[in-house]
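Position chain E relative to chain G; hints supplied.
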Amino acid sequence: MKLSIHNVTFSYNGTPVLENVTENIPAGSFVAIVGPNGSGKSTLLRCIDGILKPRMGSVLLEDRDVQDFDRPHKARKFGYVPQEAGHTPPSTVFDTVLMGRKPYIGWQVKQQDKTITSRIIRQLHLEEIALRDVNKLSGGQRQRVFIARALAQQPEVLLLDEPTANLDLRHQLEVLQLLQSVSQKQITTLVAIHDLNLAAQYCSHFIMLREGKIFSSGGREILTRENIESLYDIRVNIFQADDKIFFVPVDKK
Amino acid sequence: METAQLEKQYSRHIGRKHTLIAILLILLVISAIAGMVLGSAEVGWKAMVETLGSQASAIEQQIIVNIRLPRILSAIITGAALAVSGAAMQSILKNPLGSPFTLGISNAAAFGAAFAVIILGAGTTQSGSANPVILNNPYAVTASAFLWSLVSTGIIFLLARYKGATPEVMILTGIILGSLFSAGMTALQYFGDDIEISTVVFWTFGDIGRASWRDFNILLLVVIAAMVIFIRNRWNYNALDAGDEVAKSLGVNVERTRLVGMVTASLATAIAVSFFGIIAFVGLVVPHIVRRLIGGDERYLIPASAIFGGVFLLVSDIVARTIVAPVVLPVGILTSFLGAPLFLYLLIKGIGKGYW
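Chains as they are written, first to last, in my numbering: chain G, 388 to 640; chain E, 31 to 386.
One chain only, chain G, in its complex shape:
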């Protein structure tokens, strides 16, 4: 599925957050959106999903403007996982994942919706906790449940805002490996992420945002010392081992 962001500009109450962001995203790629706090990462994700309407520019899926899609149609193309859900009324894991079928459900839940929900629950190894209240799960489990809900939408593009925030190392790896396998199934996956080392290990495409503009974008080759140092205004050391790169921040510039 061809996804392209074309000249997207967005502002909150007159303060520009995104300015002329243009990017072509290869189908089935695993994209990391990186950049300092307030650089517009989350806003970009929301504009792509159509949660926010860009003031100018457009997001095109197969050359069609996302804003022209009717709501259920859009929801069948894009899945979104927000950063933190906060307190929600009690809901079981199964019901939460079934919620992802909302764009397909008319008056009643169909057998197919339940089958797809069960399948995704199994794929994400949530079957043992399928009838537990989502609010009572650990952070890692909750994140998996919310990813499962987005996958139940059977989207072509999956968007995640800081999916590894608040997770321990093991769960961080688990979530990123899961997302990598998702993108390998031709679901274009975009994550806003702070952890450069994780991003460098798992993602195939990178968008660097700085003050609402694209600072640089491309494959792993753009993860250079110069780029990282000027993106974050810091000094970093770079280590390489087994074809992997690691960044260690050293000092402010």
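Hints in this document: simulated from the structure, not taken from any laboratory.
No experiment lies behind these values; they were computed from the predicted model shown.
Mixed in with the good hints, there may be bad ones.
[Claimed, not checked] Taking lysine-lysine and the DSSO-like style, the derived pairs with C-alpha atoms no more than 27 Å apart in a straight line are:
{"#": "1", "chain 1": "E", "residue 1": "Lys193", "chain 2": "G", "residue 2": "Lys440"}
{"#": "2", "chain 1": "E", "residue 1": "Lys38", "chain 2": "G", "residue 2": "Lys501"}
{"#": "3", "chain 1": "E", "residue 1": "Lys47", "chain 2": "G", "residue 2": "Lys523"}
{"#": "4", "chain 1": "G", "residue 1": "Lys497", "chain 2": "G", "residue 2": "Lys572"}
{"#": "5", "chain 1": "G", "residue 1": "Lys631", "chain 2": "G", "residue 2": "Lys572"}
{"#": "6", "chain 1": "G", "residue 1": "Lys501", "chain 2": "G", "residue 2": "Lys572"}
{"#": "7", "chain 1": "G", "residue 1": "Lys497", "chain 2": "E", "residue 2": "Lys47"}
This is chain E only, laid out in the frame that chain G set:
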């Protein structure tokens, strides 16, 4: 675990919810029968059965058909309307403390009803009767109650929409609006004659005793329409419970769902209030009790709240009719005595923990 096994497990889980709804329905029928038999006047089981077969004495038939039956049905419908409005408001405003009463909407509707009767002359008042107010134009009274309730609803809605008000701020605003409209009622009393004063006091009581077959249609019609709208939107409310962004990404028209839900809840509240006055706390307490029993899924919460709201108000009314018989207490007094401590409990338990 196999997929089929997982689905079976889920079906059992859902089956329990259906069973609970069935139990609530049975409870409703039992309370309704009890409501026909119990009361100041002794009407036995035999008379009730005979009435259904049109063989009872004229007086017993009169009591059952023209006094108790409309009262029972009104209690069920009003309880359902208030409870389901509360459940919907709690979801729409993401505020577990939301309800027609706590957000000041009931008070606004009561003011609107009193305003229509005293200022617009939509009611005839007569002294010396057990029922001092006759609404000669129930449509005008309901319309006025609805329009004034929209004032409260609008303020709460805008506050939630543009200021992202916390549950506590919304409740404080509800209290402010409540006292504002109480002051409005006091002002109406100040300028009214003694019969008009008694009229206004009636709306502050909350009493199902005014139910009669006349005007029953409009009550039933509005509440059924509201129910259909709420049930149609059950998936949308579920999505809203997961957060606005998630709801939007699931294809829900968040703004429209909220607006339609709030206006519908106001209409249901307004009609209940204009007929029977302010019945406090039903809309707050019932959804919380039901949530404990059946969970937060709006697919079950909405119908179960409606049924249990009917049971709750009906049983409260039976108790109010019999507790100090032959004196019949207004049911609003009872629901307040029951509801206020529960409200306080929710508040203490919930602060900082999200209330659900």
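query = Under the criterion that the straight-line Cα-Cα distance not exceed 27 Å, is the pair Lys631 of chain G, Lys572 of chain G satisfied?
reply = holds (23 Å)
inquiry  = Run the distance test for Lys501 of chain G versus Lys572 of chain G: straight-line Cα separation, threshold 27 Å.
reply    = holds (21 Å)
request  = Take the C-alpha atoms of Lys38 of chain E and Lys501 of chain G, compute the straight-line distance between them, and say whether it is at most 27 Å.
outcome  = With Cα atoms ~10 Å apart, Lys38 of chain E and Lys501 of chain G stay inside 27 Å; holds.
inquiry  = For a C-alpha distance cap of 27 Å, please report whether Lys47 of chain E and Lys523 of chain G respect it.
reply    = holds (20 Å)
task = For the pair supplied as a hint, Lys497 of chain G and Lys572 of chain G, confirm whether the alpha-carbon distance does not exceed 27 Å.
result = holds (25 Å)
query = Given the proposed pairing of Lys497 of chain G with Lys47 of chain E, does the C-alpha separation stay at or below 27 Å?
reply = holds (18 Å)
Hinted pair Lys193 of chain E and Lys440 of chain G, Cα distance within 27 Å = This hinted pair holds, its Cα atoms lying about 20 Å apart.
Checked against the numbered hints given earlier, the structure satisfies every one of them.
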